[in-house]
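2 protein chains.
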Amino acid sequence: MADESLLEKAQAGQIAAQFKEIAKLEQQKPEHIMEWVQNGKITIMTRGGKPSLGIGAGLTTKINANIGTSSDNIHPEAEVAKAQVAEKYGADTISDLSMGGKIDRIREEIIKVTRTPLTTVPIYQVVAERGSFKNVDVEDILSAIKKQLGHGISSVVLHAGFSRNMLEKLRKVDRIMGMVSKGGALTAAWMIEHQAQNPLKDNFGEVLEYLYEYDAVLSLGNTMRSGCIHDMKDTAQLEEIKLNAKLAKLANKRGVQVIIEGMGGHVQAQEIVPFVKHYKDATDDRPLFVAGPLPIDVAVGYDHIAASVGGAMASGAGADYLCYITPAEHLGLPNIEQVREGIMAFKIAAYIGDTIKYGPNNRDRVLAKHRQQQDWGAQFDLALDGERAREIHPVSEKICTMCGRYCALRIMENYLKGNK
Amino acid sequence: MADESLLEKAQAGQIAAQFKEIAKLEQQKPEHIMEWVQNGKITIMTRGGKPSLGIGAGLTTKINANIGTSSDNIHPEAEVAKAQVAEKYGADTISDLSMGGKIDRIREEIIKVTRTPLTTVPIYQVVAERGSFKNVDVEDILSAIKKQLGHGISSVVLHAGFSRNMLEKLRKVDRIMGMVSKGGALTAAWMIEHQAQNPLKDNFGEVLEYLYEYDAVLSLGNTMRSGCIHDMKDTAQLEEIKLNAKLAKLANKRGVQVIIEGMGGHVQAQEIVPFVKHYKDATDDRPLFVAGPLPIDVAVGYDHIAASVGGAMASGAGADYLCYITPAEHLGLPNIEQVREGIMAFKIAAYIGDTIKYGPNNRDRVLAKHRQQQDWGAQFDLALDGERAREIHPVSEKICTMCGRYCALRIMENYLKGNK
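Sequence lines, in order, name chains A and B.
Numbering-wise (numbering that gives the first Met the number 0), the first sequence opens with residue 0 and increments by one.
Numbering-wise (numbering that gives the first Met the number 0), the second sequence opens with residue 0 and increments by one.
Derived by calculation from the structure, the hints in this document are not laboratory data.
Each hint should be verified, as a subset may be incorrect.
Stated by the list, open to error - Computed spacing ranges between beta-carbons, pair by pair:
(1) E76(B) <-> K416(A): 36 to 42 Å
(2) V137(B) <-> Q373(A): 53 to 59 Å
(3) E167(B) <-> K276(A): 33 to 39 Å
(4) I73(B) <-> H74(A): 43 to 49 Å
(5) A281(B) <-> E336(A): 27 to 33 Å
(6) K276(B) <-> D233(A): 53 to 59 Å
(7) A80(A) <-> P393(B): 44 to 50 Å
(8) K276(A) <-> I73(B): 50 to 56 Å
(9) E76(B) <-> H74(A): 36 to 42 Å
(10) D103(B) <-> K416(A): 50 to 56 Å
(11) R114(B) <-> R362(A): 42 to 48 Å
(12) E192(B) <-> A377(A): 49 to 55 Å
Glycine included, each C-beta is placed from N, C-alpha and C at the ideal position.
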């Protein structure tokens, strides 16, 4: 528990140790990190044993991996193993979305074996454990948030940015997929069942006190996101952005840092850049978290690739934080190999986005030099996943494994240098 | 052998059967196809038994798959099988780049078992069979082109767009990778060895007669392309564009259709769109063929994903035809599964590019409707690779395999319809 939150330190003009850590990692000045935290443009997630993670203005794009059991697919060890694989291949954060099995135990185990900031969606556990919306009251929801924060998670996703009125409007908009946010749907279903307002919005002040107490990050959920290209950017989605922007201001005022979840799901390619800009403008440049987005719906089984295209575009336009999509998206829970594929597709998207945001990366230049020299080992050490490169590359000698003896590089090296 | 080439028919204002075929497939008017062929903005490739393939203005983006043996990796049956897999998963054209084994036999076998337009790079076979540049004379190069055209291939790649003078300049530009085009390097090495000018450029008139005779397409090679991000868009590359543009005009004047190979290899993300526009302007909007491009160098083992991002951007900006990149790029010859992965990554890139060129695709909308209804079969039938979707999706019942009983769609469908 913190005496003063990181945000309050920034607001007081203090340069906290975490700001220095991030400044060093990201080659920025600590004063800039402090300033960006102060005005809510950078949000910091912390976990013991690992340097603090900065998300937002001036920083590299971060990626999140979703893991967790479902009601019908309960293999806790597999989910813990996925968390470890996600960490190994470079996820900056992990979200445990378990809804099956002993959820507290799964979370505790993940916390034990990883050092990556961990996010949860507390309403998942509440509903999964009660088995129905009827038996859940506001106190249950609030105490689940508190309990999970107490376990040491770094951030919680709360779907606070919509009202009963907005649900009524959702009935009327021309959507094919309706609502595809699970946390949003659980919250909405509770509201309808109990004929109540949004419990998180109604009790927002109290929720902020919990978050403040643990200096945890509030991730403002994206209930109204589009579940297919056709549904994008309708009034339901636009109204939620406004409400989340308001809630973000309130949270920052109370010393609680926020992430804006947005845009995710399915957005046509040429709409991605303007939509990111809309989000950033509407939220005073607060850190924007985007799932994918998928620019097309037909890439079933390869959604990680389509979403990598969308994610690179979104990141290049200013999205700060991408949620990975795996090849199993829309089909089932990913297996270990699909988690790795999803991570790598999004490491690539984030990296490309950063070259758009910040210009060429010297790492590419250095790798190219090793490639020119056919120094496979040095090349693979610099690759995003050197292990994969080594799995595919059959030999370690200095020969071109694509071209054999007719390697353009070798032929022209000899001729251009006049050796021949 | 044609009496009159397709281009001449267009130039004479005739609407050839091939123009009608393409118009029907691509929902265009035959008159527009004729007009675009006339002014070189569409190029048509033909193979018996399959509808003609149009590449260029107003048409969907096409993709090519490279296959073929290398000097050190000679498994002809495997390469033939790759050609079949490429065709099965939707390659619009195949390029046989074999440099090892009995090259004529491999090509004949591929021609026998596929119906997809086939491209070759004749200089590969000449050099591979002679084993050195010294023993190759101009007649060998010219007769290889003639022989391969006689076998029924649809297009040949000729690296005619550079001179000795440009090779001298290449020695001086600040490049890490030098020349990475294999066909270009073989042509250049021959020129240096024989202290001669570019044999294809010098004998361009004769080459055009061969192409005219078989009404085959001339693909103008991209010798000076960049082999890493650092090397992009230098004078070597820019001069080749100009020379290829001139050669393209000459070819069109002789009734021979052309493809401009360009930009391929490695181009930083934010340079892709302006560079495509530069190419299209410099070549009077002739069909542009781009390999990748790769926006970063560090995605070793996942280059198909990074190149899918680059390819989507290039296609959206106006590239007409993309050469796939597989996960084995820079590492070795792809295996069958990697060919499939490469094809799918580029089906996705082309599809996304087309939504940027032409707006949303109704196929996404229809698939979303099936997804909403959890009609897995109908959804998979519309997917780019339904077979892959079926491999991943474990069950066929109407349940959400990602969320189990807590499916947002089902929960909200009940509530929003007032069933609950």
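ask   = Does the structure break any of the earlier hints, and which numbers would those be?
value = Violated hints (numbers, rising): 2, 3, 5, 6, 7, 10 and 12; every other hint is consistent with the structure.
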